[in-house]
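Going down the list, the protein sequences come from chains X and G.
The numbering of the first sequence is this note's numbering, which starts it at 1 and goes up by one.
The numbering of the second sequence is this note's numbering, which starts it at 1 and goes up by one.
A portion of the hints provided could be inaccurate.
[Said to hold, decoys possible] Lysine to any residue pairs mimicking SDA-like chemistry, simulated, CA-CA at most 25 Å apart: (1) G/Lys-19 / X/Gln-130; (2) G/Lys-133 / X/Pro-116; (3) X/Lys-155 / X/Asp-79; (4) X/Lys-106 / X/Val-53; (5) G/Lys-133 / X/Tyr-52; (6) G/Lys-19 / X/Pro-116; (7) X/Lys-131 / G/Lys-126; (8) G/Lys-131 / X/Ser-62; (9) G/Lys-133 / X/Asn-38; (10) X/Lys-22 / G/Ile-10; (11) G/Lys-133 / X/Asp-139; (12) G/Lys-19 / X/Asn-115; (13) G/Lys-22 / G/Glu-82; (14) G/Lys-106 / G/Met-127; (15) G/Lys-126 / X/Leu-29; (16) X/Lys-75 / X/Arg-138; (17) X/Lys-106 / G/Gln-36; (18) X/Lys-7 / G/Met-136; (19) X/Lys-131 / G/Glu-28; (20) X/Lys-19 / G/Lys-131; (21) G/Lys-99 / G/Ser-62; (22) G/Lys-131 / X/Leu-15; (23) X/Lys-7 / X/Met-127; (24) X/Lys-133 / G/Asn-38; (25) G/Lys-133 / X/Thr-14; (26) G/Lys-155 / X/Met-32; (27) X/Lys-22 / G/Tyr-24; (28) X/Lys-126 / X/Asp-91; (29) X/Lys-133 / G/Val-53; (30) X/Lys-99 / X/Val-152; (31) X/Lys-131 / G/Lys-106; (32) G/Lys-106 / X/Asn-26; (33) X/Lys-106 / G/Met-136; (34) G/Lys-133 / X/Tyr-49; (35) X/Lys-65 / G/Lys-106; (36) X/Lys-155 / G/Lys-106; (37) X/Lys-155 / G/Ile-146; (38) G/Lys-19 / X/Pro-144.
Simulated from the structure, these hints should not be mistaken for laboratory data.
If you want the building blocks of each chain, they are given just below.
Protein chains: 2
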Amino acid sequence: MKNEVEKLLINYKTLEQFKRFKEYGNQELSMMEDLQNNIVENNSESPFYGIYVGHHLIARMSLYKVSAKYDAYFKPPQDYLELWKLEVLPDYRGRHYGKALVDFAKSFQLPIKTNPRINSHGFWEKMGFQKAKYEMERDLGENPLIWMPEGVEEKEQ
Amino acid sequence: MKNEVEKLLINYKTLEQFKRFKEYGNQELSMMEDLQNNIVENNSESPFYGIYVGHHLIARMSLYKVSAKYDAYFKPPQDYLELWKLEVLPDYRGRHYGKALVDFAKSFQLPIKTNPRINSHGFWEKMGFQKAKYEMERDLGENPLIWMPEGVEEKEQ
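Please model the entire structure based on the sequences and the hints provided.
Structure (structure tokens):
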């Protein structure tokens, strides 16, 4: 396999590999239950993208396209990507796998919003992300970061 | 001062004390800017509640009432409280200050939703919170926990 970003399919092998990521949570548990209960088919699409080195999944992220009608971040209001669970396994850090995933997300040429984990701001800044102006009723406990392709601006408050 | 939960007012002293909490972020920075620019008055209300020991703020949380029309968690749809940034300073942990804050939030007798930090599930379980059934389009990267007073149920999917 090549070190390229690929869309991950829901199956027992992928879900097993997910367990090595720190941000394993309700999302993965719910995918596992849906698979076990035949609510989703084996190898159905997931919102996850990942990078394999050999047969090992060593980096991943989730991407979801939010419809323009729910957009509270950009001007004009438009479809944007919510990016979460970006994570590279410890042994593979510092080799630009995180950047490869972010570049992949940017390639859709839609604005991107993410909620960074504590202490990850340096990374996101290098990726060209900026703090969204904080609005309590929208952001509550979040510290959203946004990235905008040419021609898109942040919504005014 | 007594060890009681009190509503925190926005002023330079409180904002300075906030810096000792790990989850200091955009919300606090934005409050500081609003104060400096006279967008909010000194001692205006904040969504934060806290506990003082002597003159030291040693625990805090944010609470915000979300209107029933945005409720995607409970049955019947109703006003609920979003709780975030619950945090007790390290030297004061294990003395039930966290529980005091959660009990205060429960005293409004509204359902509560929170997004726990990694490794805090044990605490929330003791507080009677349960995992909300994961819905990707609603929860994305979140692992929401909910608490319901008598007579309230989780929304069906």
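Here is how each hint holds up against the structure:
With a CA separation close to 21 Å, the supplied pair G/Lys-19 and X/Gln-130 stays within the 25 Å bound. Of the pairs offered as hints, the one joining G/Lys-133 and X/Pro-116 holds, with about 23 Å between alpha carbons and a cut-off of 25 Å not exceeded. Using a Cα cut-off of 25 Å, the hinted pair X/Lys-155 and X/Asp-79 holds, with the two alpha carbons roughly 13 Å apart. About 22 Å separates the Cα atoms of X/Lys-106 and X/Val-53, which keeps this hinted pair within 25 Å; it holds.
Of the pairs offered as hints, the one joining G/Lys-133 and X/Tyr-52 is violated, with about 30 Å between alpha carbons and a cut-off of 25 Å exceeded. Under the criterion of a C-alpha separation no larger than 25 Å, the hint pairing G/Lys-19 with X/Pro-116 is consistent with the structure, at around 19 Å. Distance hint between X/Lys-131 and G/Lys-126 is unfulfilled; the C-alpha atoms sit about 35 Å from each other, more than 25 Å. Note on G/Lys-131 and X/Ser-62: the hinted pairing holds, with a Cα-Cα distance of about 20 Å set against a maximum of 25 Å.
Between G/Lys-133 and X/Asn-38 the CA atoms are separated by roughly 17 Å; this keeps the pair inside 25 Å, and the hint holds. Taking the CA atoms of X/Lys-22 and G/Ile-10, the gap is about 35 Å. The hint is violated against a cut of 25 Å. Among the hinted pairs, G/Lys-133 with X/Asp-139 is consistent with the structure: their alpha-carbon atoms are about 22 Å apart, no more than 25 Å. Of the supplied pair hints, the one linking G/Lys-19 and X/Asn-115 holds, its CA atoms being roughly 20 Å apart against a limit of 25 Å.
Of the pairs offered as hints, the one joining G/Lys-22 and G/Glu-82 holds, with about 19 Å between alpha carbons and a cut-off of 25 Å not exceeded. Between G/Lys-106 and G/Met-127 the alpha-carbon distance is near 10 Å, which keeps this suggested pair within the 25 Å criterion. Between G/Lys-126 and X/Leu-29 the alpha-carbon distance is near 21 Å, which keeps this suggested pair within the 25 Å criterion. Proposed proximity of X/Lys-75 and X/Arg-138 is supported: the alpha carbons are some 16 Å apart, at most 25 Å.
Proximity of X/Lys-106 to G/Gln-36 is assessed by CA-CA distance (about 36 Å); at most 25 Å being required, the pair is judged violated. Straight-line distance between C-alpha atoms of X/Lys-7 and G/Met-136 comes to about 17 Å, which keeps the hinted pair within the 25 Å bound. A threshold of 25 Å between alpha carbons decides the hint, and for X/Lys-131 with G/Glu-28 the separation of about 13 Å falls inside it, so the pair holds. In summary, the hint linking X/Lys-19 to G/Lys-131 is supported, as the alpha carbons are separated by about 19 Å, within the 25 Å threshold.
Distance check on the hinted pair: G/Lys-99 and G/Ser-62 sit about 14 Å apart at the alpha-carbon level, within 25 Å; holds. With a CA separation close to 20 Å, the supplied pair G/Lys-131 and X/Leu-15 stays within the 25 Å bound. Straight-line distance between C-alpha atoms of X/Lys-7 and X/Met-127 comes to about 21 Å, which keeps the hinted pair within the 25 Å bound. The straight-line distance between the Cα atoms of X/Lys-133 and G/Asn-38 is roughly 17 Å, inside the 25 Å bound, and the hint therefore holds.
A threshold of 25 Å between alpha carbons decides the hint, and for G/Lys-133 with X/Thr-14 the separation of about 21 Å falls inside it, so the pair holds. With a C-alpha separation of about 21 Å, the suggested pairing of G/Lys-155 with X/Met-32 holds against the 25 Å cut-off. For a cut-off of 25 Å, the pair hint linking X/Lys-22 to G/Tyr-24 stands: about 22 Å separates their Cα positions. Taken as a hint, the X/Lys-126 and X/Asp-91 pair is honoured in the structure, with Cα atoms around 21 Å apart against an allowance of 25 Å.
With a CA separation close to 33 Å, the supplied pair X/Lys-133 and G/Val-53 exceeds the 25 Å bound. Among the hinted pairs, X/Lys-99 with X/Val-152 is consistent with the structure: their alpha-carbon atoms are about 22 Å apart, no more than 25 Å. Distance check on the hinted pair: X/Lys-131 and G/Lys-106 sit about 32 Å apart at the alpha-carbon level, beyond 25 Å; violated. Restraint check for G/Lys-106 and X/Asn-26: the C-alpha separation of about 24 Å stays at or below 25 Å, so the hint holds.
Our distance criterion of 25 Å between C-alpha atoms is met by X/Lys-106 and G/Met-136, whose separation comes to about 21 Å. Only pairs whose Cα atoms come within 25 Å are accepted, and G/Lys-133 paired with X/Tyr-49 is accepted, the gap being roughly 23 Å. Restraint check for X/Lys-65 and G/Lys-106: not satisfied, since their Cα atoms lie roughly 35 Å apart, outside the 25 Å limit. The hinted pair formed by X/Lys-155 and G/Lys-106 fails the criterion: a straight-line CA distance of about 35 Å is larger than 25 Å.
Restraint check for X/Lys-155 and G/Ile-146: not satisfied, since their Cα atoms lie roughly 31 Å apart, outside the 25 Å limit. Our distance criterion of 25 Å between C-alpha atoms is met by G/Lys-19 and X/Pro-144, whose separation comes to about 19 Å.
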